Amino acid sequence: MRRAGVSNALVSPFETIFYLDNDSANSFYHEIEGSKTLIPIPAINPLLPDIGRYLRDFTGLHRIRGIKLHPNYHGYRLSDDSVRAVFKTAEDLGMPIIVPLRVYDERTHHRLVKIPPMAVKELAEAATLYPDVKIIACNGRTDEVMNALKEGMALENLYVALSWAQGEGSIASAVKRYGCSRLMWGSNMPLQYPEPILEQVKNADIGIEEREKILADNAQRVFNLKP
Amino acid sequence: MRGLKLLAARRCNDPSVDPFIEAAVELAVPILQHAWLKSTGNEPNESTPQDVAEKARKYPDATIIMAHIAGNWEIGAQVVRDCGNVMVDTCGTICDAGMIERTVELLGAERIVYGSDNCDFAGQVNKILAAEITEEEKKMILADNVERVMKL
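Protein chains in written order, with the numbering used here: chain A, 1 to 227; chain B, 228 to 379.
DSS-like cross-link-like pairs, simulated, lysine-lysine; straight-line CA separation at most 30 Å:
1. B:K265 with A:K114
2. A:K88 with A:K121
3. B:K265 with A:K68
4. B:K285 with B:K265
5. A:K202 with B:K365
6. A:K121 with B:K265
7. A:K121 with A:K176
8. B:K232 with B:K365
9. A:K202 with B:K366
10. A:K176 with A:K226
11. A:K150 with A:K121
12. A:K176 with A:K68
Here are the computed distance ranges between Cβ atoms for each label pair:
13. A:S82 with B:N345: 43 to 53 Å
14. B:E359 with A:K176: 28 to 38 Å
15. A:E212 with B:T267: 29 to 39 Å
16. B:E363 with A:S82: 50 to 60 Å
17. A:V113 with B:G325: 17 to 27 Å
Sample of chain B residues at the chain A side, in silico, Cβ under 8 Å:
18. T267
19. G298
20. D347
21. G350
22. N353
23. K354
24. A357
Since the hints were derived computationally from the structure, they do not count as laboratory data.
Bear in mind that the values here come from a model prediction, so they are computed numbers and not experimental data.
Yeah, the Cβ is synthetic: ideal placement off N, Cα and C, and Gly gets one too.
With the hints as extra help, turn the sequences into a complete structure.
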């Protein structure tokens, strides 16, 4: 983070994807309690029992600012009734939900663990079902970013985190076409170098104000962070 | 002509590719060979790093630059490690943390060249700049090696 000049990070445990108990994965939040730079975003398997109560208890214990979901790893669709409790709790608590379209490039997945990426359409459907919950798509390729922004024109609650290398000129093109109010930078650390996409945003042919919104302001607004 | 680019008309270990390799050797120019190792399945004529290694061993006088570190860089770099006439380029949307450091560890910085894949220059350059390698190694990857191999 220091090397890349990142002052604050929303962090989720990657292990949640594989653990059968939300607590096992999210226990590390006790370790970062009091951190001024790391902001907890619990990653949840919503198919585990009593998830609404789990989230409320968690929120009472830690200063979480959002929730992360991995539907493609945990085997559900965002529109399923089984995950309604998560969205309703997120709505009640004013929590945005981050949904990575992928964690790793699927071309490099282990041959025994091949997980197809999320479809932007599914996030758009969820955004339609739960208009009062902000949903952030991250780790999208250029075409997926464009698609999410296009869908988001009619859905004010669908956002995009730029956390995957984008095609040359595509950030400027996206801002020109769709504006920058629903774009934010994401690093996908520690799985990726943060600098490639960070420098893409810094060097994009966009205005200073637009750049600041993408690099900081929009995330502060969406996740209710103090500047 | 400074080099020869081979994409995916044929897998590079196909005998039909040999005349091109032989011509490149005769002209003392490197061959930039597209390669990938996709969990999702390679395209029909898309070379794998194993194909590149096979061709490199058949033509030890050829200089082959394996593009993208074959995408699945953890395997790609290992496969060509013992082929001294194979270099790799770093271009592509894969920006996995540690990929540059590990490739330097396996191949040595002198066998790595920066590439942009014409996809995003800021991102691709910063993959190298962000890596925890020496400044000398970064310079080799960003400039010296390609100047040497392409006689620029």
